[in-house]
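Enquirer: Produce the complete structure using the sequences and hints provided.
Chains as they are written, first to last, in our numbering: chain D, 1 to 562; chain X, 1 to 562.
Source of the hints: derived by calculation from the structure; they are not laboratory data.
Be a bit skeptical, because a hint or two may be false.
[As the list claims (entries may be wrong)] Cross-link-like lysine-lysine pairs, in silico, BS3-like; alpha carbons within 27 Å at most:
no., chain 1, residue 1, chain 2, residue 2
1, X, Lys363, X, Lys408
2, X, Lys306, X, Lys408
3, D, Lys78, D, Lys517
4, D, Lys306, D, Lys408
5, X, Lys149, D, Lys306
6, X, Lys306, D, Lys149
7, X, Lys306, D, Lys153
8, D, Lys517, X, Lys363
9, X, Lys517, D, Lys517
10, X, Lys75, X, Lys517
11, D, Lys75, D, Lys63
12, D, Lys306, X, Lys153
13, D, Lys153, X, Lys517
14, D, Lys247, D, Lys63
15, X, Lys63, X, Lys78
Number of protein chains: 2
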Amino acid sequence: MASAESIQRELPGVVGRSIVAGRAADGPADAELRLRAVNPATGTELPPVYIAATGADVDRAAKAAWEAFHAMHAKTGKDRAALLEACAERIMAEGDGLIAMAAAETGLPTSRLISERERTVSTLRMFARAAAEGSWAEATIDAGDPLRKPVAKPDLRRMLRPVGPVAVFGASNFPLAYSTAGGDTASALGAGCPVVVKGHPAHPGTGEIVARALTAAVSAAGFHPGMFSFLHSGGERESAVGIELVKHACIRGVGFTGSFSGGTALARLAGERADPIPVFAEMGSVNPVFLLPQALEQYAQSIAEKLTGSITSGNGQMCTCPGLIFVIRSDGAEAFMRGVAELMHRIEPAPMLSHRVRLGFAKRISEVMAVPGVEVRAGSPMAPHRSGAGAEKFEKGYGIFASPVLLKTRFETFRRNPTLAEECFGPSAIVVVCEDERDLLEAAASIQGSLTGSIFAGSLDTALVRQLQGILEQRVGRLVFNGVPTGVEVAGAMVQGGPWPATNAPHTTAVGWYAMKRWARPVCYQNAPEVLLPMELRDENALGMWRLVNGEWGTGGVEKSR
Amino acid sequence: MASAESIQRELPGVVGRSIVAGRAADGPADAELRLRAVNPATGTELPPVYIAATGADVDRAAKAAWEAFHAMHAKTGKDRAALLEACAERIMAEGDGLIAMAAAETGLPTSRLISERERTVSTLRMFARAAAEGSWAEATIDAGDPLRKPVAKPDLRRMLRPVGPVAVFGASNFPLAYSTAGGDTASALGAGCPVVVKGHPAHPGTGEIVARALTAAVSAAGFHPGMFSFLHSGGERESAVGIELVKHACIRGVGFTGSFSGGTALARLAGERADPIPVFAEMGSVNPVFLLPQALEQYAQSIAEKLTGSITSGNGQMCTCPGLIFVIRSDGAEAFMRGVAELMHRIEPAPMLSHRVRLGFAKRISEVMAVPGVEVRAGSPMAPHRSGAGAEKFEKGYGIFASPVLLKTRFETFRRNPTLAEECFGPSAIVVVCEDERDLLEAAASIQGSLTGSIFAGSLDTALVRQLQGILEQRVGRLVFNGVPTGVEVAGAMVQGGPWPATNAPHTTAVGWYAMKRWARPVCYQNAPEVLLPMELRDENALGMWRLVNGEWGTGGVEKSR
Numbered sequence: 001m002a003s004a005e006s007i008q009r010e011l012p013g014v015v016g017r018s019i020v021a022g023r024a025a026d027g028p029a030d031a032e033l034r035l036r037a038v039n040p041a042t043g044t045e046l047p048p049v050y051i052a053a054t055g056a057d058v059d060r061a062a063k064a065a066w067e068a069f070h071a072m073h074a075k076t077g078k079d080r081a082a083l084l085e086a087c088a089e090r091i092m093a094e095g096d097g098l099i100a101m102a103a104a105e106t107g108l109p110t111s112r113l114i115s116e117r118e119r120t121v122s123t124l125r126m127f128a129r130a131a132a133e134g135s136w137a138e139a140t141i142d143a144g145d146p147l148r149k150p151v152a153k154p155d156l157r158r159m160l161r162p163v164g165p166v167a168v169f170g171a172s173n174f175p176l177a178y179s180t181a182g183g184d185t186a187s188a189l190g191a192g193c194p195v196v197v198k199g200h201p202a203h204p205g206t207g208e209i210v211a212r213a214l215t216a217a218v219s220a221a222g223f224h225p226g227m228f229s230f231l232h233s234g235g236e237r238e239s240a241v242g243i244e245l246v247k248h249a250c251i252r253g254v255g256f257t258g259s260f261s262g263g264t265a266l267a268r269l270a271g272e273r274a275d276p277i278p279v280f281a282e283m284g285s286v287n288p289v290f291l292l293p294q295a296l297e298q299y300a301q302s303i304a305e306k307l308t309g310s311i312t313s314g315n316g317q318m319c320t321c322p323g324l325i326f327v328i329r330s331d332g333a334e335a336f337m338r339g340v341a342e343l344m345h346r347i348e349p350a351p352m353l354s355h356r357v358r359l360g361f362a363k364r365i366s367e368v369m370a371v372p373g374v375e376v377r378a379g380s381p382m383a384p385h386r387s388g389a390g391a392e393k394f395e396k397g398y399g400i401f402a403s404p405v406l407l408k409t410r411f412e413t414f415r416r417n418p419t420l421a422e423e424c425f426g427p428s429a430i431v432v433v434c435e436d437e438r439d440l441l442e443a444a445a446s447i448q449g450s451l452t453g454s455i456f457a458g459s460l461d462t463a464l465v466r467q468l469q470g471i472l473e474q475r476v477g478r479l480v481f482n483g484v485p486t487g488v489e490v491a492g493a494m495v496q497g498g499p500w501p502a503t504n505a506p507h508t509t510a511v512g513w514y515a516m517k518r519w520a521r522p523v524c525y526q527n528a529p530e531v532l533l534p535m536e537l538r539d540e541n542a543l544g545m546w547r548l549v550n551g552e553w554g555t556g557g558v559e560k561s562r
Numbered sequence: 001m002a003s004a005e006s007i008q009r010e011l012p013g014v015v016g017r018s019i020v021a022g023r024a025a026d027g028p029a030d031a032e033l034r035l036r037a038v039n040p041a042t043g044t045e046l047p048p049v050y051i052a053a054t055g056a057d058v059d060r061a062a063k064a065a066w067e068a069f070h071a072m073h074a075k076t077g078k079d080r081a082a083l084l085e086a087c088a089e090r091i092m093a094e095g096d097g098l099i100a101m102a103a104a105e106t107g108l109p110t111s112r113l114i115s116e117r118e119r120t121v122s123t124l125r126m127f128a129r130a131a132a133e134g135s136w137a138e139a140t141i142d143a144g145d146p147l148r149k150p151v152a153k154p155d156l157r158r159m160l161r162p163v164g165p166v167a168v169f170g171a172s173n174f175p176l177a178y179s180t181a182g183g184d185t186a187s188a189l190g191a192g193c194p195v196v197v198k199g200h201p202a203h204p205g206t207g208e209i210v211a212r213a214l215t216a217a218v219s220a221a222g223f224h225p226g227m228f229s230f231l232h233s234g235g236e237r238e239s240a241v242g243i244e245l246v247k248h249a250c251i252r253g254v255g256f257t258g259s260f261s262g263g264t265a266l267a268r269l270a271g272e273r274a275d276p277i278p279v280f281a282e283m284g285s286v287n288p289v290f291l292l293p294q295a296l297e298q299y300a301q302s303i304a305e306k307l308t309g310s311i312t313s314g315n316g317q318m319c320t321c322p323g324l325i326f327v328i329r330s331d332g333a334e335a336f337m338r339g340v341a342e343l344m345h346r347i348e349p350a351p352m353l354s355h356r357v358r359l360g361f362a363k364r365i366s367e368v369m370a371v372p373g374v375e376v377r378a379g380s381p382m383a384p385h386r387s388g389a390g391a392e393k394f395e396k397g398y399g400i401f402a403s404p405v406l407l408k409t410r411f412e413t414f415r416r417n418p419t420l421a422e423e424c425f426g427p428s429a430i431v432v433v434c435e436d437e438r439d440l441l442e443a444a445a446s447i448q449g450s451l452t453g454s455i456f457a458g459s460l461d462t463a464l465v466r467q468l469q470g471i472l473e474q475r476v477g478r479l480v481f482n483g484v485p486t487g488v489e490v491a492g493a494m495v496q497g498g499p500w501p502a503t504n505a506p507h508t509t510a511v512g513w514y515a516m517k518r519w520a521r522p523v524c525y526q527n528a529p530e531v532l533l534p535m536e537l538r539d540e541n542a543l544g545m546w547r548l549v550n551g552e553w554g555t556g557g558v559e560k561s562r
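Expert: Okay, structure coming up:
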């Protein structure tokens, strides 16, 4: 891993300034605006000093986005595709320096960050294909009939149109894939919405490098510079930058990935505007896993391996980390827990994303362990500093390292203590031991809305699976069979969403091309002259997109000329 | 029109009781639960006495809906289509008695109510076709690849699934098409959601007859009786029934058509639940109309006729009633106003829907007229009792009749007085006279979110139309060219929706088959065994619906067997 100094030498372009509509912000650099990144693996501050965006920066970025939105009438889906392709190319062109910066700022392994960059780029390209192809916009045409009695039938043409400038709040746990050029930014640009990113203070350098790449892409693709801005935030300005963005009249939608408290606060703020705007918040999730008797009988060790990998993936800092595991008391269940214990024992402590995240994990683990009847089954929550570079720092109160933990309790205890049903963000899970199938089904029915639910079933578990599925599909966005919830495939059929409190918008997904629809709303043109219609709705289907014409899907033109 | 007494003789089945899961409620009939309908054309109370639903009725209806939802796993889209068809048939089978009751309760003409019944039935049948056909559910399949490196590609299958029981709050202005069996009920049933209707106190008899028809349809189509319930509300229980419904744990979504204050209050209530649920509120709208210079030069009289008809349609009690008309000072604009004045002068006062609606109209007209610079250009707001059966009642303080009014002001006055930009529910419009094109565009940019925007343009207005369109399509759900906003066609391409405050959910429509999507959310099945998948997602596309399989739309099966 590159040292902080070598990163700085390699990346002279990281100037620590917000990028507003193509230019580095050059406002004041007062003391209260200054912030630093911290390397969670060492506890040391990283250069350079970053200057948080001022209120004037926020205002300029939002107004430039508004201008860019209005300058976009002549742009097509293919133009937006070219922009997204350029973003992907420019990010790749940033090379190893980006990976080194992200590793230094997050403590995540280089290999993981390289694959996360691959995911980011492939997501940009998926939205590019969707924007170019055009079918995402639900073009729907019902041709008129001027001769219909008693009244003429109007010609109606409807499609999704972009809502306007979007503010994006990235997450700390995916510094590339859910941050500056993550799924929210990519889908909003694809839909035709300019984006203003509030940079995450846990990885300002990573954010600035990616923002630089996107700024270059906007210019290269010939879009108005207001199409993308990036605002450093942190310190005293961390909340303020976000609040000012969400309240700004030029911002017409908000994308957020992060905590429940953060997401609900932003949604409330947006709802209190004189003109409320939509907020799409993906807020964390317990991701319950149900291990059915036959599955444990047949594959306890294999399941232990898969789940240990899933619990500790990204050091447990995944939205889809499995936090609750339900089993029925059995030898298989014991074998499973033994298997996890053996695997966890071999795992070295690893740094968490930030001091704040580490403190949150410690606090939640303490709360859970304080419940009578909860016991440690594997790992040790008290030994995050057992080895590694974190030991000294932990003793000094940094405590950025964490080890995985498997807790265990009986269903009775789980039922009586609602705190056990809440998310614990970090490498841990609670095994809830049920006495019988009825307990297991009752447990499923008590689950809060979650991004995922997983069922491991053997060949003879079918009847129970059906019952469980009927309950879980009302509570989750994605139901995984014989697999772990981590590893969210980027595909059209993916759903990264779910009922409250997993998200505040259960009809949406944050992953897959359907995510573009969040940034658009339907507009119907009644009896519009052909020349005034958007390209997508004209008789000739020049783009060859799928459209619903007079009730039939097709890629052809409208036969009946008006 | 049938007399109140003859209605009662013809309809012995109207017992004045809520219908909960197939049975008439038989709880207490305490004095505080009693309510009566009033004939707005005569001011007299209509028989029978209705008994508002109790808290126990609300609870039973919601729980029965929850049971019905869980009993529906074996039902297909074709089964739901049969239910909707049965609803349509049973409503028609209620015959003239339904129309007579609706006319007596609302004061709307019989001819209008007959066409509204036709609209209601055709809407039920449109959702029946959509449910049977299945494509609305966005079935999307990405086949897996177990051999992909570095990790196997999962098999992902996603579709929209119903959210659960839905509470529907009907509007007073469409006692059939937006009430008990209106678009919200029909779309929710089509999506697979049981419905509990809060009956509107302005037309309890109409509501009960329609509810009786739907109850019979649920039974005939073989659904669980909890699939549909109808709760009388009014008097002291008017708000309470609605509040109890929205807060009930078994209710998973809410549909509302009505006032801004009502819609926002319900949305706030739903958001304060421990598990917030979505509310889709369509809340009224000013529906601005722009008359461009060439159009006025060429067609002033024709436009005057169309707009007068639109302003007075349903006595101005339409969501899409045009409330603001923007013109540029000209002879054509004068000719237009003169034309409207002549037409309005000939229109007899007609009853409004209720005393409450009439009072609201009088209050808003007073507020608008109190603004210095606003003048009456046509009609007379002070002469609602000029003639007809309402004269005596008005003098006694009933004042249920109203005459159409055209007000006029200058753009400067409009700009300085935000109250002029708000909806006035009733047969009135304000003509805002602009000095030039710049004023007109500034006016467009100041418009609040609205269901519709209309542009009348002549052959030489094209440049101005383009500018106006660019502004308006960000503010409205439907943009009408050379036509009036009233007369909402039931079609797939229709959008009855729009940005706040027209609705609280600008990504949705209340009319057209896309309205079904409001009651569903996406669920993804990852690596699910074929037998556990919903029919719609199995390899064989037995239903022949449009699906997106591996990125291509089609009606065939999945080629690659898993």
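Enquirer: Determine for every hint whether it applies to the structure shown.
Expert: Verification of the supplied hints:
Of the pairs offered as hints, the one joining Lys363 of chain X and Lys408 of chain X holds, with about 18 Å between alpha carbons and a cut-off of 27 Å not exceeded. The hinted pair formed by Lys306 of chain X and Lys408 of chain X meets the criterion: a straight-line CA distance of about 18 Å does not exceed 27 Å. Of the pairs offered as hints, the one joining Lys78 of chain D and Lys517 of chain D holds, with about 17 Å between alpha carbons and a cut-off of 27 Å not exceeded. Simply put, Lys306 of chain D and Lys408 of chain D have alpha-carbon atoms about 18 Å apart, close enough for the 27 Å limit, and the pair holds.
At most 27 Å may separate the alpha-carbon atoms for a hinted pair to count; Lys149 of chain X and Lys306 of chain D meet this at roughly 17 Å. Restraint check for Lys306 of chain X and Lys149 of chain D: satisfied, since their Cα atoms lie roughly 17 Å apart, inside the 27 Å limit. A hinted pair counts as satisfied when its Cα atoms are at most 27 Å apart, and Lys306 of chain X with Lys153 of chain D qualifies at roughly 16 Å. Under the criterion of a C-alpha separation no larger than 27 Å, the hint pairing Lys517 of chain D with Lys363 of chain X is inconsistent with the structure, at around 41 Å.
Simply put, Lys517 of chain X and Lys517 of chain D have alpha-carbon atoms about 13 Å apart, close enough for the 27 Å limit, and the pair holds. With a CA separation close to 18 Å, the supplied pair Lys75 of chain X and Lys517 of chain X stays within the 27 Å bound. About 19 Å separates the Cα atoms of Lys75 of chain D and Lys63 of chain D, which keeps this hinted pair within 27 Å; it holds. Note on Lys306 of chain D and Lys153 of chain X: the hinted pairing holds, with a Cα-Cα distance of about 16 Å set against a maximum of 27 Å.
With a C-alpha separation of about 25 Å, the suggested pair Lys153 of chain D and Lys517 of chain X falls inside the 27 Å cut-off, and the hint holds. Restraint check for Lys247 of chain D and Lys63 of chain D: the C-alpha separation of about 13 Å stays at or below 27 Å, so the hint holds. For the hint pairing Lys63 of chain X with Lys78 of chain X, the CA-to-CA distance comes to about 25 Å; that is within 27 Å, so the pair holds.
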